[in-house]
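Q: Since chain A is already given, all that's left is putting chain B on it; use the hints.
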Amino acid sequence: MTDILKPDKMPQVEEAVRWALTHGKALEVLGAGSKRAIGRPAQTDLTLDLSGLTGMLLYEPDELVLSARAGTPLAEIEAMVAASGQELAFEPMSFGALLGAPSGGPTIGGVIAANVSGPRRFKAGAARDHLLGFTAVSGRGEVFKSGGRVVKNVTGYDLCKLMAGSWGTLAVLLDITIKILPRPEMELTVLLFGLDDGAAVRAMTAALASNCDVSGAAHLPAIVAARVPSIATAASNRAVTALRLEGVAPGVAHRRAMLERAVAATTVAATDVAATDVAACGEGGAIEGSASRELWRAIRDVEPFAAAHTGADRPLWRVSIAPSKSAALALAVSGGVSGSGDAQVLYDWGGGLLLILPPPFGDGGAALVRSALAAAGGTFPASGSFAAASGTSAATGFIAGGHATLIRAPAALRAAVDVFQPQEPVLAALTKRVKESFDPKGVLNPGRMWAGV
Amino acid sequence: MALAMPEPDGAVLERRDRIVERLRAIVPGEGVIASVQAMRPYECDGLTAYRQLPMVVVLPETTAQVSSILQYCYAEGIKVVPRGAGTSLSGGALPLADGVLLGMAKFNRIREIDFDNRVVVAEPGVTNLKVTQAVEHAGFYYAPDPSSQIACTIGGNVAENSGGVHCLKYGTTTNNVLGCELVLMTGEVLRLGGKHFDSEGYDLLGVINGSEGLLGVVTEVTVRILRKPETARALLVGFPYSEDAGACVGRIIGAGIIPGGIEMMDRPAIHAAEAFIHAGYPLDVEALLIVELDGPQAEVDHLAARVESLAKECRAVTCRVSASEQERLLFWAGRKAAFPAVGRISPDYYCMDGTIPRAKLPLVLRRMRELSQTYGLRVANVFHAGDGNLHPLILYDANAPGELERAEAFGSAILKLCVEVGGVLTGEHGVGVEKRDLMPEMFTEADLAQQQRLKCAFDDKGLLNPGKVFPTLHRCAELGRVHVHGGAMAFPEIPRF
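Sequence lines, in order, name chains A and B.
When you line the first sequence up against my numbering, it's residues 1 to 453, in that order.
When you line the second sequence up against my numbering, it's residues 1001 to 1497, in that order.
If you are wondering where the hints come from, they were derived from the structure by calculation, not from laboratory data.
In silico DSS-like pairs for lysine-lysine, Cα to Cα no more than 30 angstroms straight-line:
1. A:K123 to B:K1130
2. B:K1228 to A:K123
3. A:K123 to B:K1169
4. A:K441 to A:K6
5. A:K145 to B:K1169
6. A:K145 to B:K1416
7. A:K145 to B:K1360
8. B:K1416 to B:K1169
9. B:K1461 to A:K145
10. B:K1461 to A:K432
11. B:K1461 to A:K441
12. B:K1336 to A:K123
13. A:K9 to A:K441
Some chain A residues close to chain B (C-beta under 7 angstroms, calculated; not the full set):
14. L21
15. G125
16. R128
17. Y157
18. V248
19. S320
Here a beta-carbon is modelled for each residue, glycine too, at the ideal position from N, C-alpha and C.
Next up, chain A with everything else stripped away, as it sits in the complex (with noise of 0.2 angstroms):
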């Protein structure tokens, strides 16, 4: 029997998992499959690859908008609104250097069903900001919609925040509308070298809470920087912080002094604070144009922790934290200094993000990572009504300030441990209400983000 249908009809997706409905079979949801590799392995009767149906429906630059198939090579619609000057501005990464996929890089629709973004995070949002309307199957075997091509729509449920992070495991999309905004006129990176992890988290929150709008905050320690072709030489061996300005030039310039200010009376202990600049807490630099643009490419595909320098099958982590906890996570992590032993980390959206590589254990360090998260995200409520209410102990570390998810491990791994962040019960139970309410029968990526979902 063939084990994949690739349509290239819109109808014929629609057909497919009224087939899978009927007799009781599983869909693998696929687009490109840069990303197959992430969740936990699907038990799949066959695969239902979306790539045959691509094509752009509209581009309007002067409305800000477009419309395209799912299977739409993100590369190509990239490649479109560049040439009038605009971009996505939620910098989707690519998962191709971390995960050894398969060339040609990742459909829209992946990057919808991931909620993919990039270092911008902090300011544009991620894929989920910017997807206005879809269509779609359901696990029902229905086309329905949602959304518009319009910005401001508060019709009907958002169903569009619902797709985005989904993996596939709601509905089949078949278009999608998102939100395309324009590219700065330049961009100038400052780097800040030397500083430790918790410094260089100090250093990237007072960066963002400046008024210096910064669009990019990224810590790389030295053997991560070591890494980065861009920066390496300029690092010599130190530890690299990074601070991104965009838009016209005379913004940009005065946007760095003051950046350089601000930053600098964070990163110098001594008492005389006033008076410095970037240069007295150790040495600093900036970089312009096509070096910052490899930079922030490096940073966003995790290039440093790509399969080439660690190799494929090294377990690597990505949580999502308070920015202000992330060092005690990263020290938590590392039992030390971080990338001074087994242990490295790279943060990114100014500490928001980490990617973490953890010792070599054989749980590919989920209660390492998931006990450390805990303990310095902490664990919610503040209140004691919550947990009484919802009958969960905060005690259990399900509820914790934040979430880590295994983005790349061996299949055997992704099968033993918990892929994306445990929930509660009251939440696991919302969770799988809501995916029956969409794929009652379980067709679609059946398990892939829990056991039963």
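A: Frame of chain A; chain B shown alone:
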């Protein structure tokens, strides 16, 4: 009231005394209001054409009380209507005769201000403006700024996914909320999100935003705060043709400039506002744009010059750049007072809220003028031009027989027009009861059924705010059935590999 609401449940109404007594046991003191006189302020929200006294009003103070109330109502099959400040313009908080009105006004404390993580944790009854006021001493603010921000609450903002004049650049509520505590109709409490980004599973927080109080009751909200831009300047640009004003907005955005806000007013709105505020608006133009640029001084000056030259290319006849903060605020004062200004020239007005693709503006304005003649009612337009959100104000007199009905029919025609040109029924005011029966203009039965199935996942008995958003109520069991058509075919047409 011509609007059909769910039939009151006689069995529930018969038990009213017992229900009030039980609620008093959960919320002691003055937190339960049962007299007709005292319940009167709750009989309507900002959509005052519709009024209904609730069965009882309850004002809880803690999450545990909310949980107990909902648990009790769930067990007893009693409907619940949540309410924030009651500023909804779509009747989202319209009570039900056999329903408990759950007022969240006592949840009015800010629980935490965390500058390091740039968030504020607030109870849902805190007003939108209070969030900004709590952090402005440190140079921060909360970006979404609905016109009702003095009165409207954060909880209500979440329910309606409220916007404001700065959405184009800074997003609506959903883009600025990081977490919430939510009580389900069963009384179960859960947390979604926190101080970190993105959901740890399905983005249920994203669904709660804009769910109009139909999915759960929010008891705490974590919002992002932003640093105030260094400076802001506004340009006041007048056009003899509204087509040129519309084109100018497209040119500005097409040139890569995303202003903090772009507002447009048509001739009737300009005249009403100028007569009221004396902001110095030109009176001999068909359309007026207010373009606000924010950021560092050097950047704002640079962009202001570019916008000015684009405006001239688009045949603007007047263009003034604010030279001081005082002048910037004056430019805005007229726009911000547009609704009360229109209120001065008409006994009543009906505020609409459709969104259209921006390029369709000239067409929509022209058709609206025709509709104005057809219905014999005047209309003034204010418009969040950057994001295509239109607020036509239909002028009428409620005391003139038939005028309210005519205003409503005119309003429906405008919203249908918005959908026809590729837009939507509501940009920021919500569906509520007002646009409920227009939903089929935009959605198929399958679209609406899927939305209602999601509602069932949160509220299987349909007790939370029923009668809002959906034109037809279906039982969850009925919606849940799977009917497969044509599934037996083994898709001979689909390419296989």
